[in-house]
Amino acid sequence: MGRRARGRRLQPQTEGAEDDTEGGRKRDQAGWEGGYPEIIKENKLFEHYYQELKIVPEGEWDQFMDALREPLPATLRITGYKSHAKEILHCLKNRYFKELEDLEVDGQKVEVPQPLSWYPEELAWHTNLSRKILRKSPLLAKFHQFLVSETECGNISRQEAVSMIPPLLLSVEPHHKILDMCAAPGSKTTQLIEMLHADMSVPFPEGFVIANDVDNKRCYLLVHQAKRLSSPCIMVVNHDASSIPRLTVDVDGRKEILFYDRILCDVPCRYLYYYEARKPTIYQEIQSHVDMGTMWQPLGLSLAMFLGALELADVSAELPGLKWMPGVSEWKVMTRDGQWFAGWDEVPQGRHTQVRPTMFPPKDLEKLQAMHLERCLRILPHHQNTGGFFVAVLVKKASMPWNKRQPKVQSKSSDPRKTTASSSVAATERNPGDRSELGGDSEVTQCTENTESNEKKDGVCGPPPSKKMKLFGFKEDPFVFIPEDDPLFPPIEKFYALDPSFPRMNLLTRTTEGKKRQLYMVSKELRNVLLNNSEKMKVINTGIKVWCRNNSGEEFDCAFRLAQEGIYTLYPFINSRIITVSMEDVKTLLTQENPFFRKLSSEAYSQVKDLAKGSVVLKYEPDSANPDALQCPIVLCGWRGKASIRTFVPKNERLHYLRMMGLEVLGEKKKDGVILNNESVDSPEQPENDEGAEQTAQEACISDSITGCDPAAAEPSR
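In the numbering used here, the protein residues as written are 134 to 851.
These are computed hints drawn from the structure, not numbers from a lab.
Backbone N, C-alpha and C fix where the C-beta goes; we use that ideal spot for every residue, glycine too.
Some clues are possibly wrong.
Simulated restraints, written as ranges between beta carbons of each label pair [what the hints assert, rightly or not]:
{"hint": "1", "residue 1": "Lys242", "residue 2": "Leu501", "range": "45 to 51 Å"}
{"hint": "2", "residue 1": "Asn708", "residue 2": "Met333", "range": "15 to 21 Å"}
{"hint": "3", "residue 1": "Pro271", "residue 2": "Met638", "range": "49 to 55 Å"}
{"hint": "4", "residue 1": "His357", "residue 2": "Pro253", "range": "36 to 42 Å"}
{"hint": "5", "residue 1": "Ser462", "residue 2": "Leu796", "range": "55 to 61 Å"}
{"hint": "6", "residue 1": "Lys784", "residue 2": "Lys530", "range": "48 to 54 Å"}
With a straight-line Cα cutoff of 25 Å, these simulated DSS-like cross-link-like pairs (lysine-lysine) come out [as the list claims (entries may be wrong)]:
{"hint": "7", "residue 1": "Lys350", "residue 2": "Lys360"}
{"hint": "8", "residue 1": "Lys496", "residue 2": "Lys187"}
{"hint": "9", "residue 1": "Lys219", "residue 2": "Lys265"}
{"hint": "10", "residue 1": "Lys231", "residue 2": "Lys187"}
{"hint": "11", "residue 1": "Lys226", "residue 2": "Lys269"}
{"hint": "12", "residue 1": "Lys465", "residue 2": "Lys500"}
{"hint": "13", "residue 1": "Lys627", "residue 2": "Lys360"}
{"hint": "14", "residue 1": "Lys187", "residue 2": "Lys177"}
{"hint": "15", "residue 1": "Lys784", "residue 2": "Lys219"}
{"hint": "16", "residue 1": "Lys231", "residue 2": "Lys242"}
{"hint": "17", "residue 1": "Lys720", "residue 2": "Lys732"}
{"hint": "18", "residue 1": "Lys649", "residue 2": "Lys678"}
{"hint": "19", "residue 1": "Lys360", "residue 2": "Lys219"}
{"hint": "20", "residue 1": "Lys231", "residue 2": "Lys219"}
{"hint": "21", "residue 1": "Lys231", "residue 2": "Lys265"}
{"hint": "22", "residue 1": "Lys648", "residue 2": "Lys627"}
{"hint": "23", "residue 1": "Lys746", "residue 2": "Lys784"}
{"hint": "24", "residue 1": "Lys752", "residue 2": "Lys678"}
{"hint": "25", "residue 1": "Lys648", "residue 2": "Lys187"}
{"hint": "26", "residue 1": "Lys627", "residue 2": "Lys465"}
{"hint": "27", "residue 1": "Lys242", "residue 2": "Lys219"}
{"hint": "28", "residue 1": "Lys465", "residue 2": "Lys177"}
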């Protein structure tokens, strides 16, 4: 999959301007209209290059160039796997978008957002609103705050339209093992995670995503993006994509190579495909970029296709409504000084280190036709007001050329030199044309050594100690799985009446010393990967937080309270301390800091009054008989105190639930009573008044008149 050109975002940056690559916090303060000197957006060498190659159809050149000189429209995508995606869509269409009708900002008519015709279920939209207008116009304050808070919650993503295409074409299913090779900043990774969780009733899908990036700092941006989706099936690793380690997993007591069902590679191809113009100085640097295609030309891929290992899939019918052009089968190669070569026989000896034979189309017409290059998708910016993009979906049909030799199996003999070759077997039972074979060789290496002897002592994984690996960036804490006999688990199991099916072996911490303060969970499959490969790979992050230690936890029957981050994964296994609440109860709990029990409905009051102090689950079930009520379930973490109850939900998630129930909060003013707690509060137990005492200092109310919001807009992911 080729990284799309961003040539239409061409506003200049001054030296030292901030970018969006560190932790998602730094922003390009210039935006699309930052007031810097205008750059002349033209370059004759560029025009000569594309006109000569006839990339743009005859008669469309002017439209093509005009599109490149305009800013990209803002696009957003609704997270599709969450049960309340339909509620968010309903909220957008019937509240925020209606408020934009007939609206003018600075003399410019605001275009009401329109759905991307090719994206399923109207879950992706685009508009002509720029970040500057969104941030500065009071008329758009509600919509802007919606974008900011819902993005932080993981319910929407600001993502460039063409960036959404590759994951859709991979046809991911919940059992697929996926490698995202060049994943940062993570917009496509989140799409893959959504597809794994297509069935929200399954807390641990069999599949997983291993998301990799070579840039250590950008890996943390990737972690930030992935964590918003609260999945136990994502692992972020830090490697050069050209040399990702071959991983092994334990299968019935033997080690086998891990094969992927899907691989997504948004390759860093800096060749001039419809402008790779992340930097505004691209127009002054065209000459240094013209021959980037020769530098990044994928020799190995060409060989694999010539020798029949890979085949281009026909995805022409996959996304109805998407405008695209077929791949080309004839082209020339140009150097940075403008010299053209129509074939390898024209390349002088002195250029052989820069220009290679495989950079040209095969002269054998039969071979050329067999490659089906027309199955590639070329998306031109002017066709549907997007960035330019190139997509190739490849199906693995046979072993890769460099893996033709049969793998060896270690003999049971005590003499390690005595080995026998194993037979070649398919990693999965699938039709040869099934795209699910993409990304893994068909051979499986089997080893007979005892798996347990290779696992880290006491389930400790990493950080990888191998001296052969060049590790950069921060030193990561280890991943320590909780042993079966750990005394901290039985009180948790009893307090929450955990179901016998609860996968306790999937629990881990990030420390080998002192008290365990946070407990995380990963899926069984990722646990297998961690335990067998910690010395091979640098794991940046995995797992979701499910329990946090209370400072005063020893006073209660259980020292660990529930964490909102992992509640949707954990909830199916909890059989105790569940309080069913009404929609009015949810409003009360999210807008009042410590409401007394009597503030709740009689049904909720009867459930909570006899419970012991400690963490509770607050569950809202929609009433299908009342279509005006919120029609998606809600699960919240709470704390049952002496005479009151409170929730532990991050601010933006509170705003989200309130917004879905028709309440709008543009900011927080504690003096007005709006209390928006952050889940980072360490100890929930507070001194409380006796039953019947005044609580005016703690009560809160919602007011549409409250103003103020986060000044930083959510950046569109690339």
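Is it true that the CA of Lys649 sits at most 25 Å from the CA of Lys678? Satisfied, since the Cα-Cα distance of roughly 12 Å is no more than 25 Å.
Does Lys360 lie within 25 Å of Lys350 when you go C-alpha to C-alpha? holds, 16 Å
Is the straight-line distance between the alpha-carbon of Lys784 and that of Lys219 25 Å or less? This hinted pair holds, its Cα atoms lying about 22 Å apart.
For the pair supplied as a hint, Lys627 and Lys360, confirm whether the alpha-carbon distance does not exceed 25 Å. violated, 29 Å
Could you grab the alpha-carbon distance between Lys752 and Lys678 and see if it respects the 25 Å cut-off? holds, 19 Å
Check whether the Cα positions of Lys231 and Lys242 lie no farther apart than 25 Å. Given that 25 Å is the threshold and the Cα spacing comes to 14 Å, the pair holds.
Do the alpha carbons of Lys746 and Lys784 lie within 25 Å of each other, as the hint requires? Measuring from Cα to Cα gives roughly 24 Å; hence the hint holds.
With respect to the beta-carbon atoms only, verify the hint that Ser462 and Leu796 lie 55 to 61 Å apart. Between Ser462 and Leu796, where Cβ atoms are some 58 Å apart, the hint holds.
Holds or violated: Lys648 and Lys627, Cα atoms, limit 25 Å. holds, 20 Å
Has the given pair, Lys231 with Lys219, been kept, meaning a C-alpha gap of at most 25 Å? holds, 17 Å
Pair hint outcome, Lys627 versus Lys465 [Cα-Cα no greater than 25 Å]: Between Lys627 and Lys465 the Cα gap is close to 71 Å, so the pair fails against 25 Å, i.e. violated.
Agreement of Lys231 and Lys187 with the hint, judged by alpha carbon distance not exceeding 25 Å: Outside the cut-off at roughly 43 Å; violated.
Hints 4, 9, 10, 13, 25, 26 and 27 from the list above are not met by this structure, while the remaining hints are.
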